[in-house]
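Enquirer: Turn these sequences into a full structure, and let the hints guide you.
Just add 250 to the spot in the sequence shown (first one is 1) and you have my numbering.
Just so you know, the hints here were simulated from the structure itself, not pulled from any lab data. A couple of the hints might just be wrong.
Calculated lysine to any residue pairs in the SDA-like style (CA-CA distance at most 25 Å, straight line) [claimed, not checked]:
1) K308 <-> V351
2) K375 <-> S485
3) K373 <-> A511
4) K492 <-> P368
5) K422 <-> D287
6) K339 <-> H282
7) K339 <-> Y258
8) K379 <-> S461
9) K462 <-> R407
10) K339 <-> L350
11) K492 <-> E430
12) K505 <-> L406
13) K308 <-> G338
14) K388 <-> E455
15) K379 <-> Q506
16) K505 <-> A446
17) K339 <-> F291
18) K373 <-> D408
19) K422 <-> G436
20) K505 <-> E440
21) K375 <-> V414
22) K505 <-> D487
23) K422 <-> R498
24) K379 <-> N493
25) K388 <-> A446
26) K422 <-> I331
27) K422 <-> A446
28) K339 <-> V395
29) K492 <-> Q432
30) K422 <-> D487
31) K339 <-> S295
32) K462 <-> T419
33) K375 <-> F437
34) K388 <-> Q463
35) K388 <-> P513
36) K492 <-> A367
37) K339 <-> Q283
38) K492 <-> Q506
39) K505 <-> G372
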Amino acid sequence: MTEDPQPYLTYYTSQCQLALYDSGRHCSARQHQDITDVIIFIRQSFHFDAILQTLRNKYQNHVPQVPEPAMRRTIELAARIVTMHEIGKWQGTAPNQDRLVWDAGPLSNCLIGHYTAPALDGKVKLGEKLFNAVSLEKIAGFEIVWTNNIAEHLRLRDDGTLTVFPHATFLKAQIDYHHEHQFPPGFIRETLSTLALLFPQHNREVGRWISKQRRERQRQGEHLDDQLQACGVLSQDERQLKNFIHWRDRLQDLKQSFDDAEPQTPGQWWNDRRKRVQWWTFWVAAIALLSTVFFSAVQSVEGAIQVYKAYHPHS
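Expert: Have a look at this one:
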């Protein structure tokens, strides 16, 4: 399966449109090169103030005068494009999103500060391969919602929605082009491992589910990354929660919620194979009940026919 740049290009376009709202009055960038220049500084670990001073020098004789907030917006735009994080508080972005504020030091420090050490001990086991996106939906009843903001990845909300960052192509590109240093150590590879956990490669049921999701997004004019189910398969040892640092707390909360979820519908009962004995007991009891109802109905019909014939012997 080849790399799929379209989802990222769509993201790039959407961020430019957000930055240039109100006829572009709040952003100094006017060409893609303006953004690329700032991205180069970010890649070279320039501090925020140093990049801002470079833009001040660039626009000092510009007519009309470029306000400093517009320069800051350009830096934030470049940071968003480089990291796929919500950097800065912008008008028009979705509410209740994890947003990062970057106004000092290199961008990598901002990201490292956001992803603190896990609070949980990681003793919950992720062992069974049943723990994947399809089971989360069919058994636990969670609704997977795609996000372009990595900081929202694996967030399970009270309404039962689970946000997942599907941009595997972007994540792999950070490794291929040696841009991992922009992120906390091990962050990119660990995020790919979470995708391998939820969307295991070669799992046919997961593949069919992804194909359905892709068709739904295409009808909406959107794209789902073709590399989503191309992140490999985790071994039993790799599925240990202790191997996850940056996403450990959210994974543990998700696994605990999955384990605690009880089937509510016949479909969920049918798909729930976590407790085999309970599953067999339920369906044996259900079949016995249905059989009892069926044969009782048959006997009632036969009895009614016999009564009818007794009163109408010649009919």
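Enquirer: Each hint should be assessed against the structure and marked as holding or not.
Expert: Comparing the hints with the structure gives:
For the given pair, K308 sits about 24 Å from V351 by alpha-carbon distance, which is consistent with the 25 Å threshold. Taking the CA atoms of K375 and S485, the gap is about 13 Å. The hint holds against a cut of 25 Å. Between K373 and A511 the alpha-carbon distance is near 19 Å, which keeps this suggested pair within the 25 Å criterion. A C-alpha spacing of about 10 Å is found between K492 and P368, which places the hinted pair at or below 25 Å, so the restraint holds.
Pair hint K422 plus D287 holds up; C-alpha atoms about 23 Å apart against a cutoff of 25 Å. Distance hint between K339 and H282 is fulfilled; the C-alpha atoms sit about 22 Å from each other, no more than 25 Å. Distance restraint check for K339 and Y258: the Cα-Cα separation of roughly 21 Å lies within the 25 Å cut-off, and the hinted pair is therefore satisfied. Under the criterion of a C-alpha separation no larger than 25 Å, the hint pairing K379 with S461 is consistent with the structure, at around 20 Å.
A distance of roughly 23 Å separates the Cα atoms of K462 and R407; the hinted pair therefore holds under the 25 Å criterion. The suggested pairing of K339 with L350 holds, with an alpha-carbon distance near 8 Å, which does not exceed 25 Å. Taking the CA atoms of K492 and E430, the gap is near 22 Å; set against the 25 Å cutoff, the hint holds. For the suggested pair K505 and L406, the alpha carbons sit about 11 Å apart, so the restraint of at most 25 Å is met.
Between K308 and G338 the CA atoms are separated by roughly 22 Å; this keeps the pair inside 25 Å, and the hint holds. For the hint linking K388 to E455, the alpha-carbon distance of about 11 Å falls within 25 Å, and the restraint holds. Our distance criterion of 25 Å between C-alpha atoms is met by K379 and Q506, whose separation comes to about 15 Å. The hinted pair formed by K505 and A446 meets the criterion: a straight-line CA distance of about 15 Å does not exceed 25 Å.
Straight-line distance between C-alpha atoms of K339 and F291 comes to about 22 Å, which keeps the hinted pair within the 25 Å bound. Using a Cα cut-off of 25 Å, the hinted pair K373 and D408 holds, with the two alpha carbons roughly 23 Å apart. This hinted pair checks out: K422 and G436 have alpha carbons roughly 13 Å apart, not beyond 25 Å. A distance of roughly 17 Å separates the Cα atoms of K505 and E440; the hinted pair therefore holds under the 25 Å criterion.
Using a Cα cut-off of 25 Å, the hinted pair K375 and V414 holds, with the two alpha carbons roughly 21 Å apart. Proximity of K505 to D487 is assessed by CA-CA distance (about 17 Å); at most 25 Å being required, the pair is judged to hold. A C-alpha spacing of about 21 Å is found between K422 and R498, which places the hinted pair at or below 25 Å, so the restraint holds. As the CA atoms of K379 and N493 are separated by approximately 16 Å, the hinted pair is consistent with the 25 Å bound.
Of the pairs offered as hints, the one joining K388 and A446 holds, with about 19 Å between alpha carbons and a cut-off of 25 Å not exceeded. A hinted pair counts as satisfied when its Cα atoms are at most 25 Å apart, and K422 with I331 qualifies at roughly 15 Å. At most 25 Å may separate the alpha-carbon atoms for a hinted pair to count; K422 and A446 meet this at roughly 13 Å. With a C-alpha separation of about 22 Å, the suggested pairing of K339 with V395 holds against the 25 Å cut-off.
The hinted pair formed by K492 and Q432 meets the criterion: a straight-line CA distance of about 24 Å does not exceed 25 Å. Among the hinted pairs, K422 with D487 is consistent with the structure: their alpha-carbon atoms are about 22 Å apart, no more than 25 Å. Between the alpha carbons of K339 and S295 the distance comes to roughly 22 Å, so the proposed pair stays at or under 25 Å and holds. For the hint linking K462 to T419, the alpha-carbon distance of about 20 Å falls within 25 Å, and the restraint holds.
The hinted pair formed by K375 and F437 meets the criterion: a straight-line CA distance of about 21 Å does not exceed 25 Å. This hinted pair checks out: K388 and Q463 have alpha carbons roughly 14 Å apart, not beyond 25 Å. Pair hint K388 plus P513 holds up; C-alpha atoms about 9 Å apart against a cutoff of 25 Å. For the suggested pair K492 and A367, the alpha carbons sit about 12 Å apart, so the restraint of at most 25 Å is met.
In summary, the hint linking K339 to Q283 is supported, as the alpha carbons are separated by about 24 Å, within the 25 Å threshold. With a C-alpha separation of about 15 Å, the suggested pairing of K492 with Q506 holds against the 25 Å cut-off. Between the alpha carbons of K505 and G372 the distance comes to roughly 11 Å, so the proposed pair stays at or under 25 Å and holds.
When each numbered hint is compared with the structure, no violation occurs for any of them.
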